[in-house]
Amino acid sequence: MGIDRREFIRIAGLSTLLGLGGKGAFELLAPGRVEAEIIPAPGSMKAKRWAMVINQKKLDDNTAQQCAVACHRVHNVPDFLNPPDDKLKLNPAVAHRYQIKWLWTEHFHNAFPGDAPAHMAEKVEHMNFLVLCNHCQNPPCVRVCPTKATFQREDGIVMMDMHRCIGCRFCMAGCPYGSRSFNWRDPRPYVKENYPGYPTREIGVVEKCTFCAERLAQGLQPACAEASRGNIVFGDLEDEKSEVREYLRKYFTIRRKAHLGTNPQVYYIV
Amino acid sequence: MADYKNEFGLFAERPKVEKKLFDRNKVIAGIVIFLVMITIPLWQNLGKTVAAPTPSLDTPVIKKLAEKDKKCVMPTEWMRANHMQMLVDWRDSVVRTKEQQVTTSRGRDFVSPDGKQYLASLTNTCMECHSNKVDFCDKCHNYVAAAPNCWGCHLETGKKLAEAK
Amino acid sequence: MLEKALVGTKRYYGLLAILAGLFALGFLFYLKQLNFGLGITGLSRDVSWGFYVAQFTYLVGVAASAVMVVLPYYLHNYKAFGRVTILGEFLAVAAVTMCITFITVDLGRPDRILNVLKYPTPGSVLFWDMIVLNGYLLLNIVIGWNVLECERHSIAPPKWIKILSYVSIPWAVSIHTVTAFLYAGLPGRGYWLTAIMAPRFLSSAFAAGPSLLILLCLLVRKYSKFDPGKEQIQTLAKIVTYATLINVFFFMCEVFTVFYSQLPDHMAHFQYLFVGLDGKTQLVPFMWFALVGMTLAALFLVNPKLRKNETTLAALCGLVIITTYIDKGLGLISGGFVPNPLEQVTEYWPTVPEAIITLGVWAMGFLILTVLYKIAVSIKEEVKS
Numbered sequence: 007m008g009i010d011r012r013e014f015i016r017i018a019g020l021s022t023l024l025g026l027g028g029k030g031a032f033e034l035l036a037p038g039r040v041e042a043e044i045i046p047a048p049g050s051m052k053a054k055r056w057a058m059v060i061n062q063k064k065l066d067d068n069t070a071q072q073c074a075v076a077c078h079r080v081h082n083v084p085d086f087l088n089p090p091d092d093k094l095k096l097n098p099a100v101a102h103r104y105q106i107k108w109l110w111t112e113h114f115h116n117a118f119p120g121d122a123p124a125h126m127a128e129k130v131e132h133m134n135f136l137v138l139c140n141h142c143q144n145p146p147c148v149r150v151c152p153t154k155a156t157f158q159r160e161d162g163i164v165m166m167d168m169h170r171c172i173g174c175r176f177c178m179a180g181c182p183y184g185s186r187s188f189n190w191r192d193p194r195p196y197v198k199e200n201y202p203g204y205p206t207r208e209i210g211v212v213e214k215c216t217f218c219a220e221r222l223a224q225g226l227q228p229a230c231a232e233a234s235r236g237n238i239v240f241g242d243l244e245d246e247k248s249e250v251r252e253y254l255r256k257y258f259t260i261r262r263k264a265h266l267g268t269n270p271q272v273y274y275i276v
Numbered sequence: 015m016a017d018y019k020n021e022f023g024l025f026a027e028r029p030k031v032e033k034k035l036f037d038r039n040k041v042i043a044g045i046v047i048f049l050v051m052i053t054i055p056l057w058q059n060l061g062k063t064v065a066a067p068t069p070s071l072d073t074p075v076i077k078k079l080a081e082k083d084k085k086c087v088m089p090t091e092w093m094r095a096n097h098m099q100m101l102v103d104w105r106d107s108v109v110r111t112k113e114q115q116v117t118t119s120r121g122r123d124f125v126s127p128d129g130k131q132y133l134a135s136l137t138n139t140c141m142e143c144h145s146n147k148v149d150f151c152d153k154c155h156n157y158v159a160a161a162p163n164c165w166g167c168h169l170e171t172g173k174k175l176a177e178a179k
Numbered sequence: 002m003l004e005k006a007l008v009g010t011k012r013y014y015g016l017l018a019i020l021a022g023l024f025a026l027g028f029l030f031y032l033k034q035l036n037f038g039l040g041i042t043g044l045s046r047d048v049s050w051g052f053y054v055a056q057f058t059y060l061v062g063v064a065a066s067a068v069m070v071v072l073p074y075y076l077h078n079y080k081a082f083g084r085v086t087i088l089g090e091f092l093a094v095a096a097v098t099m100c101i102t103f104i105t106v107d108l109g110r111p112d113r114i115l116n117v118l119k120y121p122t123p124g125s126v127l128f129w130d131m132i133v134l135n136g137y138l139l140l141n142i143v144i145g146w147n148v149l150e151c152e153r154h155s156i157a158p159p160k161w162i163k164i165l166s167y168v169s170i171p172w173a174v175s176i177h178t179v180t181a182f183l184y185a186g187l188p189g190r191g192y193w194l195t196a197i198m199a200p201r202f203l204s205s206a207f208a209a210g211p212s213l214l215i216l217l218c219l220l221v222r223k224y225s226k227f228d229p230g231k232e233q234i235q236t237l238a239k240i241v242t243y244a245t246l247i248n249v250f251f252f253m254c255e256v257f258t259v260f261y262s263q264l265p266d267h268m269a270h271f272q273y274l275f276v277g278l279d280g281k282t283q284l285v286p287f288m289w290f291a292l293v294g295m296t297l298a299a300l301f302l303v304n305p306k307l308r309k310n311e312t313t314l315a316a317l318c319g320l321v322i323i324t325t326y327i328d329k330g331l332g333l334i335s336g337g338f339v340p341n342p343l344e345q346v347t348e349y350w351p352t353v354p355e356a357i358i359t360l361g362v363w364a365m366g367f368l369i370l371t372v373l374y375k376i377a378v379s380i381k382e383e384v385k386s
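Chains as they are written, first to last, in our numbering: chain B, 7 to 276; chain A, 15 to 179; chain X, 2 to 386.
These are calculated hints, taken from the structure and not from any lab test. What you are looking at is a predicted structure, and each value in this text was computed from that prediction instead of being measured. There are no misleading hints in this set.
Here are the simulated EDC-like pairs of lysine to aspartate or glutamate, each with C-alpha atoms no more than 20 Å apart in a straight line:
no., chain 1, residue 1, chain 2, residue 2
1, A, K82, A, D72
2, X, K5, X, E383
3, B, K198, B, E208
4, A, K30, B, E13
5, X, K5, B, D10
6, B, K256, B, E246
7, X, K226, X, E152
8, A, K174, B, E199
9, A, K174, B, E220
10, X, K33, B, D192
11, A, K130, B, E43
12, A, K33, B, E13
13, B, K63, B, E131
14, A, K30, B, D10
15, A, K130, A, E91
16, A, K30, X, E4
17, A, K34, B, E13
18, A, K30, X, E150
19, A, K33, B, D10
20, X, K33, B, E208
21, B, K198, A, E177
22, A, K77, A, E142
23, A, K153, A, E91
24, B, K54, B, E244
25, A, K85, B, E43
26, A, K33, X, E4
27, B, K54, B, E249
28, X, K226, X, E383
29, X, K80, X, E152
30, A, K173, B, E220
31, X, K309, X, D228
32, B, K198, B, D91
33, X, K119, B, D167
34, A, K34, B, D10
35, A, K173, B, E199
36, B, K198, A, E170
37, X, K226, X, E150
Given the sequences, and given the hints that come with them, work out the whole structure.
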């Protein structure tokens, strides 16, 4: 027998690779075995381009906070700053690092950096602007995601697929608005009350506002729009008769960092 | 001297080495010990039996169903074999399309073969009837040592049960 | 040839033991990170990349610098570098392995890392980064191993090795360019949104990498019978000199563009790094040390007397390594994320677990480097005798 050590190791290595690779290839190439029939639920809302108009002129601080609370409640967003149990209390610096926010308020010079003149209308200076993911038409976060875990839907919504996210946080670096949050630790202990209509998240994935895609699919308005007492209008930008277009025709609106070319779809009536 | 070919196809002179199995007894002993150890799971459990899993359908929601409605979204035998694939398909179709094209969601309602429509949701459809994860899902999963981490995110109690409580 | 790594002096075994121990310690803390989440690091919602990504960025530069020994030898027949190409290539192997490990350690869901292959996204720079890093690793392993083996048997390397060596030259440039493109294409990060990011990366890589190689060559000369050669080290020193000068020049270009244009968005990051922002001044001393140190190192290196004296050369190389590390490590990442897109300041500093995991990965890299260098040096000693 003429096999030497080197030859043996080579054959063993190749066989292992083929064995492992073969199984992997089989799983990758195996066709779907199920004829699942998934159809839109009755009443599900459709649009060509979802957009949101926030009437900051009429939105008072209280209502704005309620919008944020509603959003975080129906999406099981954890609260690290005010945990439900005193035993879970964190050092404020740590809580600030871990915080997850989908919708929250900022002052003008934070929401629209660079646009604030030295002497601004007093009302606007102290206004609490609701900020969230802008669901840009030209989203840098989608461009950079290596797995398409965040992707742009046909109807314009920039979705998050928590099943696929590898937690590389490139999208967080890419977002020019700071709209994305990461699960630095297990969020479940810090979720006040489990809302059953939506899952919680696990460690290691990025999350953000998804324009309540799961509610739109069931004919409901986004949670923030519902809680806003009519001050947030949500609809189809491409439908000339939609409320959103009506507002855009009637009022002058501004968008965050519009000059970056991301084409954000959240408009603010100031 | 025989032509020598190394792993990258190079030809070169190779020194002649006598082929012999050194430390033969130790090597054979080592192989035998290795084989014994690696087959421990097989012969250690010879003669022992583990009871087949008994998933329980005893939940408040199932009890309330009329006899004719006591069925799952797909036939039981089919579900036993394919529920994992079905849930993956639900996930892909609801969050993104099934073909991995990243354009839109197919929708959220699942149409079963008998025409009935259900919300395609683990928590709010499956777990509504099967609200006893420990006595139903875990029974078989523990038996086959499968550890699906769906419930790391997806909650165990659906909307209707939560409201009832 | 691996058998060369299994025998050595007591000092060699001791070094391996220490490095293995540090690696094991880092690994234990990594298990803790897998269990708890990346929250054990100092990362935050505002500064979402930190120490791990900084190490990765720095080490890609070190890996790319292997081209600085390969290029003169293969393209311009600079025979003297024939002695040290293997050292450069093996340094690249160790460095790229560390890069890939740092990326894996930084992921929130490393169990899903294969998603990058399952769902390829050519539009994402991270996808290309994965391809070029792994390709470069493979290239250097194949080239280095084969050339060394041929040297051992005193035969000329086959033609296809030469082709691979030629490929490795633009490939080395590409790995660092792609890494720079991770940063340079993000519209929301003013500190990084500059065309000069890739050239800056390359210049600091060609300063830091050959500096490290010089130090390693001096160590190899001291602790083995193989002498990489005085001329080789001097040529490397000249490369370090030019690269460091260019690196400082590039930085000055950045400063000019930002401060002459007076764009607040871009100035804010430089202000945070060099004078502090909102009272947060954590990085200010480090950045000044890095800038002044790097400039001084560059100017001193110009003096041929200081280069020829290998003690002063070693000290200056050490200074170059430290200052480029601070600039590319702490400065680049923190500077890019602070202030955040809403003009708020959240500072970042690595935590102890984060530092230990980082140390563990460095130990793993140096372990690989020690083993590979042992093999290379032993073969060279064997061939000489």
